[in-house]
Amino acid sequence: MSILEIILFTLGKVLVLLTLILLSVSYLVYFERRISAWIQNRLGPNRVGWQGVLQPFADIFKLLLKEDIVPDKANKKIHTLAPIIALFVAFSTYAVIPFGPTVTLFGYSVPLVVADINIGILYVLALSSIGVYAMTLAGWSSGSKYSLLGGIRSSAQMISYEVSMGFSVGGVLLLSQSLRPTEIVLAQSGWMWNAFIQPIGFITFLVASFAETNRLPFDLPEAEPELVGGFHTEYSSMKFAGFFLAEYANMIIASALIVTLYLGGWQLPLIDTFGLPSGIVITLQILGFVLKMGMLLFFFIWIRWTLPRFRYDQLMSLGWKVMFPLSLINLIWVAVLIMVFNI
Amino acid sequence: MSLQLVLFIVFGTVSAVSSVLMITRRDIVVSALFLILNLASLAGLYLILNAQFIAVVQVIIYAGAIMVLFLFVIMLLRPENEKKFLEANPSIKIFAFIIGAVIFLQLAYLIFFSGPDNLNNASVAASVKAGTIEEIGKQLYTNYILPFEAAGFLLLAATIGALVLAKKKFE
Numbered sequence: 067m068s069i070l071e072i073i074l075f076t077l078g079k080v081l082v083l084l085t086l087i088l089l090s091v092s093y094l095v096y097f098e099r100r101i102s103a104w105i106q107n108r109l110g111p112n113r114v115g116w117q118g119v120l121q122p123f124a125d126i127f128k129l130l131l132k133e134d135i136v137p138d139k140a141n142k143k144i145h146t147l148a149p150i151i152a153l154f155v156a157f158s159t160y161a162v163i164p165f166g167p168t169v170t171l172f173g174y175s176v177p178l179v180v181a182d183i184n185i186g187i188l189y190v191l192a193l194s195s196i197g198v199y200a201m202t203l204a205g206w207s208s209g210s211k212y213s214l215l216g217g218i219r220s221s222a223q224m225i226s227y228e229v230s231m232g233f234s235v236g237g238v239l240l241l242s243q244s245l246r247p248t249e250i251v252l253a254q255s256g257w258m259w260n261a262f263i264q265p266i267g268f269i270t271f272l273v274a275s276f277a278e279t280n281r282l283p284f285d286l287p288e289a290e291p292e293l294v295g296g297f298h299t300e301y302s303s304m305k306f307a308g309f310f311l312a313e314y315a316n317m318i319i320a321s322a323l324i325v326t327l328y329l330g331g332w333q334l335p336l337i338d339t340f341g342l343p344s345g346i347v348i349t350l351q352i353l354g355f356v357l358k359m360g361m362l363l364f365f366f367i368w369i370r371w372t373l374p375r376f377r378y379d380q381l382m383s384l385g386w387k388v389m390f391p392l393s394l395i396n397l398i399w400v401a402v403l404i405m406v407f408n409i
Numbered sequence: 020m021s022l023q024l025v026l027f028i029v030f031g032t033v034s035a036v037s038s039v040l041m042i043t044r045r046d047i048v049v050s051a052l053f054l055i056l057n058l059a060s061l062a063g064l065y066l067i068l069n070a071q072f073i074a075v076v077q078v079i080i081y082a083g084a085i086m087v088l089f090l091f092v093i094m095l096l097r098p099e100n101e102k103k104f105l106e107a108n109p110s111i112k113i114f115a116f117i118i119g120a121v122i123f124l125q126l127a128y129l130i131f132f133s134g135p136d137n138l139n140n141a142s143v144a145a146s147v148k149a150g151t152i153e154e155i156g157k158q159l160y161t162n163y164i165l166p167f168e169a170a171g172f173l174l175l176a177a178t179i180g181a182l183v184l185a186k187k188k189f190e
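Going down the list, the sequences are from chains A and B.
Per this note's numbering, the first sequence starts with residue 67, numbered consecutively.
Per this note's numbering, the second sequence starts with residue 20, numbered consecutively.
Calculated from the structure, these hints are not laboratory results.
Any given hint could be a false lead.
Computed footprint of chain A on chain B, listed as stretches where at least three residues anywhere in the stretch have a Cβ under 8 Å from a Cβ of chain A [unchecked claim]:
1) 46 to 55
2) 68 to 75
3) 78 to 86
Just so it is clear, CB atoms sit at the ideal spot from N, CA and C, and this is done for glycine as well.
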């Protein structure tokens, strides 16, 4: 393929992914409201369209048409920059997640991932470490106590949980011997899913991703009873929507990452034994990836409406005294496995 | 123009402009933000030089971890006090100028007089191979194991030292 063709194919993949993500983010908000209503024995949004399926569009129009208020004491440029960083980080992380095997399209072989790079997992970690700035800067630039406290809480929380997240990923990298997401997926063929081989690492990564996405039980940066709205107290209109979209986009990326690293990615066990034509197999594999992601997203929402929030000192001691040693134990466990079984 | 040259111009301009803006801003938080932009654009330059691992580690460690701590400290402390300190001791500016000039001369000497010719000999394929994470890991754990372990030991000692100092305050 020439450079021009590569650029065209990549742009095509980016456009398709971006549209899908924006759509799924707005529908994730809808599903969260419906599921929370179901858990709390309410009805939830069911007026706009059939069963409220057009509710996301109504929400977006409401947010777009609202007045954008910037506080007097705010640093206006950084106040605008913060939600942009949040959205940039949330969307650009999808570039390295493989959502299917390599397919043949118009005579070209196209891998179903935007950028199949050698340092894919480190790229994700790098972007998530940049994502801390969105909240820190939002909190600082608003010129409000609640925002500042929320921003500082969020940076301390994210830095703490990034440690156990990084060490849990270490176990996966040891087994697959590569940082390339496509190879990590291929290393989990059959039932060799990392969730079964290293369950402790799976749990620590899951907990860390809850903390990284600021979801309950770790949503202290925006704890309503103490901090009004946390780092986004002073945000309104589309800038607020930016943070809102980024939070849900981060939930989707977290579940996509967990599926890629621990649940076999797009691979379905035993699918080769049925002798189906390759087109159907690839479609089933992509659907399998989406289904695994959907189940994890439901889990995220389910946890939010089931568990109460941690206290701040509990959050920190859980991160450093429980999750961090557990992720180290997992690393040793994987190293011993490799030594004994020579995987 | 090749793609590489275009990218070099983009990242080079961003890093040069952001470094100038970093030292000329009044607001210390804005300065820190331009430093982050500068470090990130340097990561782009490393990528053009096929040093993918260095590039991504630059973003994780410098632009991510270290600068977050910098911002954290700046936000919690009051930078106004620093301004008063500078106004009370104007002679400190002379020291800063001398140190800056010495470092600048050293860098200029390294760039212009210490022969960059021997760097250009390496072929592109070799430099691509040398930049991968596999190759760096292999080198670190074979040829450079002693300095690597020494650095790790030093960092561990520093971490324990920081913990001891922080604990003392609360007791």
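Structure-based check of each hint:
Using a Cβ-Cβ cut-off of 8 Å, 5 residues of the region 46 to 55 of chain B lie near chain A, which meets the minimum of three, so the contact claim holds. Using a Cβ-Cβ cut-off of 8 Å, 3 residues of the region 68 to 75 of chain B lie near chain A, which meets the minimum of three, so the contact claim holds. Coverage of a stretch by a chain is defined here by at least three residues with a beta carbon nearer than 8 Å to that chain's beta carbons; for the region 78 to 86 of chain B and chain A the count is 5, and the condition holds.
Hint compliance for this structure: every hint is met.
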